[in-house]
Amino acid sequence: TKSISKCYVQVTGMTCASCVANIERNLRREDGIHSILVALMAGKAEVRYNPAVTHPSAIAELIRELGFGATVMENCGEGDGILELVVRGMTCASCVHKIESTLMKTNGVLYCSVALATNKAHIKYDPEAVGPRDVIQVIKDLGFNASLVKKDRSASHLDHKQEIRQWKRSFVVSFVFCIPVMGLMIYMMVMNSHPSGAHTHQNMSSEEREAPHSSMVLDYQLLPGLSVMNFLSFLLCVPVQVFGGWHFYIQAYRALKHSTANMDVLVVLATSIAFLYSFVILLVAMAEKAKVNPVTFFDTPPMLFVFISLGRWLEHVAKGKTSEALARLISLQATEATIVTLGPDNVLLSEEQVDVELVQRGDIVKVVPGGKFPVDGRVIEGHSMVDESLITGEAMPVTKKPGNTVIAGSINQNGSLLIRATHVGADTTLSQIVKLVEEAQTSKAPIQQFADKLSGYFVPFIVAVSVVTLLAWIIIGFVDFGIVEKYFLGYSASISPAEVILRFAFQASITVLCIACPCSLGLA
Numbered sequence: 001t002k003s004i005s006k007c008y009v010q011v012t013g014m015t016c017a018s019c020v021a022n023i024e025r026n027l028r029r030e031d032g033i034h035s036i037l038v039a040l041m042a043g044k045a046e047v048r049y050n051p052a053v054t055h056p057s058a059i060a061e062l063i064r065e066l067g068f069g070a071t072v073m074e075n076c077g078e079g080d081g082i083l084e085l086v087v088r089g090m091t092c093a094s095c096v097h098k099i100e101s102t103l104m105k106t107n108g109v110l111y112c113s114v115a116l117a118t119n120k121a122h123i124k125y126d127p128e129a130v131g132p133r134d135v136i137q138v139i140k141d142l143g144f145n146a147s148l149v150k151k152d153r154s155a156s157h158l159d160h161k162q163e164i165r166q167w168k169r170s171f172v173v174s175f176v177f178c179i180p181v182m183g184l185m186i187y188m189m190v191m192n193s194h195p196s197g198a199h200t201h202q203n204m205s206s207e208e209r210e211a212p213h214s215s216m217v218l219d220y221q222l223l224p225g226l227s228v229m230n231f232l233s234f235l236l237c238v239p240v241q242v243f244g245g246w247h248f249y250i251q252a253y254r255a256l257k258h259s260t261a262n263m264d265v266l267v268v269l270a271t272s273i274a275f276l277y278s279f280v281i282l283l284v285a286m287a288e289k290a291k292v293n294p295v296t297f298f299d300t301p302p303m304l305f306v307f308i309s310l311g312r313w314l315e316h317v318a319k320g321k322t323s324e325a326l327a328r329l330i331s332l333q334a335t336e337a338t339i340v341t342l343g344p345d346n347v348l349l350s351e352e353q354v355d356v357e358l359v360q361r362g363d364i365v366k367v368v369p370g371g372k373f374p375v376d377g378r379v380i381e382g383h384s385m386v387d388e389s390l391i392t393g394e395a396m397p398v399t400k401k402p403g404n405t406v407i408a409g410s411i412n413q414n415g416s417l418l419i420r421a422t423h424v425g426a427d428t429t430l431s432q433i434v435k436l437v438e439e440a441q442t443s444k445a446p447i448q449q450f451a452d453k454l455s456g457y458f459v460p461f462i463v464a465v466s467v468v469t470l471l472a473w474i475i476i477g478f479v480d481f482g483i484v485e486k487y488f489l490g491y492s493a494s495i496s497p498a499e500v501i502l503r504f505a506f507q508a509s510i511t512v513l514c515i516a517c518p519c520s521l522g523l524a
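The UniProt record's numbering numbers the first residue of the sequence shown as 1 and each following residue consecutively.
FYI, nobody ran anything at the bench for these hints, they're computed from the structure.
Warning: the hint list may mix true and false statements.
Stated by the list, open to error - Estimated spans, in silico, between C-beta atoms of each pair:
| # | residue 1 | residue 2 | range |
| --- | --- | --- | --- |
| 1 | S3 | K161 | 23 to 29 Å |
| 2 | Y220 | L276 | 23 to 29 Å |
| 3 | P369 | H97 | 46 to 52 Å |
| 4 | R28 | Y220 | 57 to 63 Å |
| 5 | E352 | R25 | 49 to 55 Å |
| 6 | S3 | R420 | 44 to 50 Å |
| 7 | A129 | P402 | 25 to 31 Å |
| 8 | N107 | H383 | 35 to 41 Å |
For every residue, glycine included, the Cβ atom is placed at its ideal position computed from N, Cα and C.
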C-alpha cells in the first residue's frame, strides 16, 4: 500500500466558489495528490498526498502558480505527537547524528530528523509513551539547548481586514466616478425623450442639430465626431478602468495564464470590450468627422465595477464575521501552564511555568484562582467554583471537587486546584471545537459542489454565447436589414447600413457579456 500523508495549506486571495473549484480541479490533476479539500472561509486546504512523489511545499507552489497566496501550515497536523524544536549549540554533522541516534533509542520516539542548517528538529512520538518535555530533556542532557517553535496563536490567517480594505477602496473609486457618468446618462435620456420644440431629434436637419440647443449642450461637438457627453464619459471611465479594475485584471491574468476562466475573466472581458469598443468607435467617428455622435458604452464599466466590488466587499465583511468567531474561540485557550511535582501525601515539591504545548498526559497542573485551565483534566486536590460558560453556556459557576473533570479554557474562580491532565494539545475540548468549526467551514454541501462545477463551465459558455450573438446579428442584418432597423434605436440614415449592422451586433453581444458577468449563480 502506498503511504498517504496529509498536509494543510493556508490559502489567501480566494473570493468565491469558483476559486475553490479552480484550485481543487487543477490540483487533482497533479500526480501524487490523492484528494484535496479547500475551505473558503477558513482559507485552508487539506491535501492528502503521496510523500514519495510530492511534498507540502511543492503543493503550496502549485497553488501559488494559480494566482493565490499559499503557505504550508506547520502546526496543523493531527494531535498525535509531532514536535518541532529549535536546537541551539550544534556545530557539525556529528552533533546532528548524536542527537538523532540518542532520540531514536528513546522509548516512544517514532521518527526524528535534525537539520543543522536551520537548527530545527522534527520529531514524531507516541504521546502514550513519551512527551515533548521528555524529548527536550533528552536533548538538554546531551548538552544542547532546545525550545519549541513558537506557534502563531493569533489566528491571523482568519483575518480578512486587508481584503476588506482593498475591495472597499476599489468600490469607492468606481462609485465616485460612476455617479457623474450615471448623471450624464439620465440627463441624456430625459432630454432625448422630450421632443425639443417642434422638431424631434430624428427630423432636425444636421445644421440645426449642431446648434448648441439647450438640451443638446452635451451633444455639442468639441471636435467633429467627439461630443461633450462622450468626452466626459471617456475621462470618467479611464480611472475606473485602471484603479477600480486593478485587482480584477491581476486575477484574470493569472487565471488565463493557467487556461482556466473564472468570474474575474468575465468582468475584465465585459468591461475591456465595452471600453475599447467605445474608444475605437469614437476614433472612427472623429476620423470620419461624423455629424452624428456615435453610441458609446462608457457607462458600462463603471457600473459593473461598482456592483461587483460592492459585492466582493460585502462578501469579505461577512466572511470576516464568521472567521472572527473562530478567532475568538482560539483566543480563549490558555498559553501557559504551571506544572508541579508532588511528593508523598500530595506535598508540593517544585513547580515550573511551561508552554501549554509542553504539557503531557498525566502531568499534574496547578490552577490558581482566576486562572484558565490550560488542558482538560481531572481534579485531584482542592475545591473551587469554575465558570464553564464558554462550553456549556451555563452562567452559574460549577462546583469542582476531587474526581470532577475540568475543561480547558474555562475559568477557575475562588480556590486553587491541582488537576491531572487527561487531554492535551489538539485533543482538548476547545481544540476539538475549533477544529469542528474549521471543518464545518471546509466541508461543502452537495449543492455547493454542484454550483462550483457549473461555474467552471459558465465562463466559456457565456463567451461562446456572446460570440454567437455577434455572428447571428451580422448574418440577420445582411439578410434582412429591416429587422435591425426596427430594433436599433437612434439609427440615423447618415450611417452606412453595414456599419449599423456591425454596431448593433456588437451592442447585442456586449450586452450579453455584461449581463452575464456578475454571475449570480457563483455569488449565490
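Here is what the structure says about each hint:
1. S3 - K161: 23 to 29 Å: For K161 against S3, whose Cβ atoms are near 40 Å apart, the range 23 to 29 Å is violated.
2. Y220 - L276: 23 to 29 Å: holds (25 Å)
3. P369 - H97: 46 to 52 Å: 49 Å Cβ-Cβ, so the 46 to 52 Å window holds.
4. R28 - Y220: 57 to 63 Å: holds (59 Å)
5. E352 - R25: 49 to 55 Å: holds (51 Å)
6. S3 - R420: 44 to 50 Å: violated (35 Å)
7. A129 - P402: 25 to 31 Å: At 27 Å between Cβs, range holds.
8. N107 - H383: 35 to 41 Å: At roughly 37 Å between Cβ atoms, H383 and N107 fall inside 35 to 41 Å, so the hint holds.
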